[in-house]
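Spelled out from the first residue to the last, the chains are:
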Amino acid sequence: MNVEELQEIADAAVKEREKFDHQINVCMGTGCLSQHSDKVKAAIEKEAEASGRKCHVRRTGCMGLCAAGPLVLVEPSEQRYGHVHEADAKDVIAVLDAEPIARLNPHLETYFEGQKHIVLENSGHIDPEKIDEYIARGGYEALLKALTDMTPQTVIEQISKSGLRGRGGGGYPTGLKWDTVAKVKGAQKYVICNGDEGDPGAFMDRSVLESDPQRVIEGMAIAAYAIGANKGYIYVRAEYPLAVQRLTVALQQARRRGFLGNSICETQFSFDIDIRLGAGAFVCGEETALIASIEGKRGTPRPRPPYPAVSGLWGDPTLINNVETFANVAPIIRHGGEWFSAMGTARSKGTKVFALTGKIKRTGLVEVPMGMTLRQIIFDIGGGVPDGRKFKAVQTGGPSGGCLPEEHLDLSISYDALISAGSMMGSGGMIVMDDTSCMVSVARFFMEFCMTESCGKCVPCRAGTVQMYELLTKICKGEANRRDLEQLTELCEVVGATSLCGLGQTAPNPVLSTLRYFKHEYLAHIDEKRCPAGVCECSPVTAEAAQREVHA
Amino acid sequence: MPLYAERPPLPSDDKRWRIVNGTMRKHGFSRNALIETLHTVQSSFGFLDESAIKFVAQSLRVPLSQAYGVVTFYHFFSLKPPGKHTCTICTGTACYIKGSDKLVAQTEKLLHIHPGQTTPDGEVSFSTARCVGACGRAPVVLLDGELSGQIEGSDLEKHLERWTTQ
Numbered sequence: 140m141n142v143e144e145l146q147e148i149a150d151a152a153v154k155e156r157e158k159f160d161h162q163i164n165v166c167m168g169t170g171c172l173s174q175h176s177d178k179v180k181a182a183i184e185k186e187a188e189a190s191g192r193k194c195h196v197r198r199t200g201c202m203g204l205c206a207a208g209p210l211v212l213v214e215p216s217e218q219r220y221g222h223v224h225e226a227d228a229k230d231v232i233a234v235l236d237a238e239p240i241a242r243l244n245p246h247l248e249t250y251f252e253g254q255k256h257i258v259l260e261n262s263g264h265i266d267p268e269k270i271d272e273y274i275a276r277g278g279y280e281a282l283l284k285a286l287t288d289m290t291p292q293t294v295i296e297q298i299s300k301s302g303l304r305g306r307g308g309g310g311y312p313t314g315l316k317w318d319t320v321a322k323v324k325g326a327q328k329y330v331i332c333n334g335d336e337g338d339p340g341a342f343m344d345r346s347v348l349e350s351d352p353q354r355v356i357e358g359m360a361i362a363a364y365a366i367g368a369n370k371g372y373i374y375v376r377a378e379y380p381l382a383v384q385r386l387t388v389a390l391q392q393a394r395r396r397g398f399l400g401n402s403i404c405e406t407q408f409s410f411d412i413d414i415r416l417g418a419g420a421f422v423c424g425e426e427t428a429l430i431a432s433i434e435g436k437r438g439t440p441r442p443r444p445p446y447p448a449v450s451g452l453w454g455d456p457t458l459i460n461n462v463e464t465f466a467n468v469a470p471i472i473r474h475g476g477e478w479f480s481a482m483g484t485a486r487s488k489g490t491k492v493f494a495l496t497g498k499i500k501r502t503g504l505v506e507v508p509m510g511m512t513l514r515q516i517i518f519d520i521g522g523g524v525p526d527g528r529k530f531k532a533v534q535t536g537g538p539s540g541g542c543l544p545e546e547h548l549d550l551s552i553s554y555d556a557l558i559s560a561g562s563m564m565g566s567g568g569m570i571v572m573d574d575t576s577c578m579v580s581v582a583r584f585f586m587e588f589c590m591t592e593s594c595g596k597c598v599p600c601r602a603g604t605v606q607m608y609e610l611l612t613k614i615c616k617g618e619a620n621r622r623d624l625e626q627l628t629e630l631c632e633v634v635g636a637t638s639l640c641g642l643g644q645t646a647p648n649p650v651l652s653t654l655r656y657f658k659h660e661y662l663a664h665i666d667e668k669r670c671p672a673g674v675c676e677c678s679p680v681t682a683e684a685a686q687r688e689v690h691a
Numbered sequence: 018m019p020l021y022a023e024r025p026p027l028p029s030d031d032k033r034w035r036i037v038n039g040t041m042r043k044h045g046f047s048r049n050a051l052i053e054t055l056h057t058v059q060s061s062f063g064f065l066d067e068s069a070i071k072f073v074a075q076s077l078r079v080p081l082s083q084a085y086g087v088v089t090f091y092h093f094f095s096l097k098p099p100g101k102h103t104c105t106i107c108t109g110t111a112c113y114i115k116g117s118d119k120l121v122a123q124t125e126k127l128l129h130i131h132p133g134q135t136t137p138d139g140e141v142s143f144s145t146a147r148c149v150g151a152c153g154r155a156p157v158v159l160l161d162g163e164l165s166g167q168i169e170g171s172d173l174e175k176h177l178e179r180w181t182t183q
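Chains as they are written, first to last, in the working numbering: chain A, 140 to 691; chain B, 18 to 183.
Hints were generated in silico from the structure; no laboratory data involved. Incorrect hints may have been included.
Selected chain B positions facing chain A (Cβ under 8 Å, derived; list incomplete) [to be verified]:
1. Phe46
2. Ala50
3. Tyr85
4. His92
5. Gly109
6. Ala111
7. Ala122
8. Gln123
Heads up, the beta-carbon is just placed ideally off N, CA and C, and yes, glycines get one too.
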């Protein structure tokens with residue numbers, strides 16, 4: 140494969156596209172599929188055929204606005220429709236050249252204005268199971284450019300220059316990580332893509348893998364070239380069957396086109412990727428646990444150093460990056476590191492995909508430049524809190540993150556700003572809560588999560604999370620006193636400081652952040668035995684207790 | 018005497034064992050294929066029983082204790098056969114905020130079982146999931162593996178009643 144051949148494939152795909160006057164893209168991501176968008180697609184196809192119009196009805200990945208599913212995007216008019224069901228197929232075809240009608244919910248622009256799509260640039264525009272459509276949108280140009288015009292060192296330089304940081308949550312500079320692995324001597328190196336998106340409330344990795352799997356493969360191949368690896372693994376959750384299926388197809392197509400395998404693009408570079416299925420353990424998102432899981436063992440982390448960069452999979456140097464990180468690689472190589480670093484804030488470059496969920500009008504996936512404020516994301520894009528309720532908090536960073544109250548709504552999103560506010564970027568879950576959520580219960584919910592997901596290897600996490608959970612339960616039931624609260628704070632410190640891996644170290648975060656911003660709720664449960672949000676059932680307990688006291 | 022014990026014969030002439038054997042062969046009967054093989058067993062048989070774990074452990078020359086350790090470590094593997102129907106309620110953060118705890122309580126009351134159990138007549142298995150990644154449609158329930166989003170308590174009840182009264 141050379142540049143001309145790649146261009147030929149792209150031209151052929153564009154030509155195929157131009158045979159039709161209209162492209163009707165139907166979202167077939169998990170969210171829309173659950174509302175039978177496959178049937179919608181079939182119905183539109185039937186209608187298009189009956190009308191004699193030259194339409195190409197395409198299956199695409201996630202379009203983002205899950206709340207308005209099933210979604211349809213008509214090109215080239217760029218008109219989007221929401222809540223399109225089988226019965227609406229006729230209307231979709233009828234208004235192809237006319238003004239859209241209200242029945243099809245055509246006004247979805249507010250959600251997409253203000254977003255900047257880099258990772259999601261192909262989502263909703265291409266068929267994820269057709270590699271040629273990916274190539275037609277500039278796919279594999281970056282890999283070819285890296286292999287033919289760049290040395291591994293210049294690839295790493297561009298990634299470093301871009302300022303890209305790990306999108307899995309840690310925010311470690313990607314260029315630095317690549318450089319470290321590249322410098323380690325070893326005949327065998329590995330590239331691993333971490334798709335074990337265990338963080339509840341986040342689904343961006345799933346969406347990327349379902350909508351644009353080739354982009355992740357291309358990113359991994361470029362990384363492999365840069366660090367000198369010839370074998371890669373994508374570790375995906377078994378709970379994501381559609382992502383696994385599309386990835387399997389994508390890998391076959393990439394091999395057939397010669398982007399994976401031996402002597403890629405007639406160079407000396409060889410690389411291939413295997414899929415490994417996760418089996419439902421949150422801790423496997425931690426890199427050393429993930430490696431243990433690929434090796435077929437229990438997914439328990441081990442102390443670092445040595446870091447995987449030095450001793451990873453089967454003791455060999457290993458590069459681990461998140462799905463979204465790899466998805467950013469190809470555009471950076473294509474446009475150069477400076478293009479990427481022009482977006483975002485001083486220390487957080489580019490864009491970030493967030494999963495906007497919870498008590499918010501427009502739930503779904505958004506990709507925004509770093510530096511946007513929480514208020515813009517939640518109110519301008521997400522449409523704010525529904526049913527006239529009041530915004531209370533936004534939770535970011537999953538079980539390792541924290542809850543931010545209203546006074547932090549004007550915080551610009553960046554790795555450092557979120558950490559200093561007591562939360563973290565995490566993989567990008569953003570769960571909005573209104574005044575019907577009790578913050579103590581929320582903290583208890585996350586603690587229950589960490590407690591059941593603790594692998595049990597180190598004592599602080601195994602025993603500490605149970606103790607913290609029981610204290611929080613006690614508070615929720617209105618049975619706690621001030622001494623319990625002190626003990627809880629103390630435990631937070633101990634567990635955070637002494638746990639082996641990230642799971643335990645960050646497990647206290649939801650408690651600490653709610654204590655910092657919503658201490659009055661804790662005190663209401665403890666001193667007044669009442670739940671301000673009316674969620675916890677503390678009053679009946681106290682009534683009984685009071686009665687017991689009377690009888691005594 | 019051979020250095021390694023020979024590979025055990027297939028536990029029965031059930032054709033599914035050949036699929037399992039195929040997975041192991043694909044990985045060259047290497048020890049690190051343990052999780053992949055267990056996935057194949059579970060997807061073919063629906064669960065992992067003692068004979069299956071023994072067979073896989075012996076074939077891959079993994080100590081039985083280690084194989085059992087792996088099976089019980091990961092939530093995805095089940096040691097009990099599933100019921101005829103399965104109901105999985107997502108309890109991820111987004112679903113929790115949208116009231117999945119009420120759905121769980123309601124289902125427990127209706128089926129008289131707790132998450133992780135199957136009704137005594139073997140009709141319905143009830144479980145909770147740690148986020149199925151469809152948070153945009155929360156609260157989410159998987160009924161026989163099919164995802165239903167923005168589900169109301171009453172809808173869920175109707176579904177479950179259809180299963181239990183059959």
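Each hint, compared with the structure:
Look at B:Phe46: its Cβ only gets to about 12 Å from chain A, farther than 8 Å, so that hint breaks. The criterion of a C-beta within 8 Å of any C-beta in chain A is met by B:Ala50, whose closest approach is roughly 6 Å, and the hint holds. At about 11 Å, the closest approach between the beta carbon of B:Tyr85 and any beta carbon in chain A exceeds 8 Å, and the interface hint on this residue is violated. Given hint, B:His92 at the interface with chain A, holds; its Cβ is 4 Å from that chain's nearest Cβ, closer than 8 Å.
With 8 Å as the threshold, the beta carbon of B:Gly109 comes within range of chain A, its nearest partner Cβ sitting at about 3 Å, so the hint holds. Interface restraint check: B:Ala111 against chain A, minimum CB-CB distance 4 Å, threshold 8 Å, status holds. Interface hint status for B:Ala122: violated, as the beta-carbon distance to the closest one in chain A is roughly 12 Å, over 8 Å. Because the beta carbon of B:Gln123 sits about 16 Å from the nearest beta carbon in chain A, more than 8 Å, this interface hint is broken.
In this structure, the hints that do not hold are numbers 1, 3, 7, 8, in rising order.
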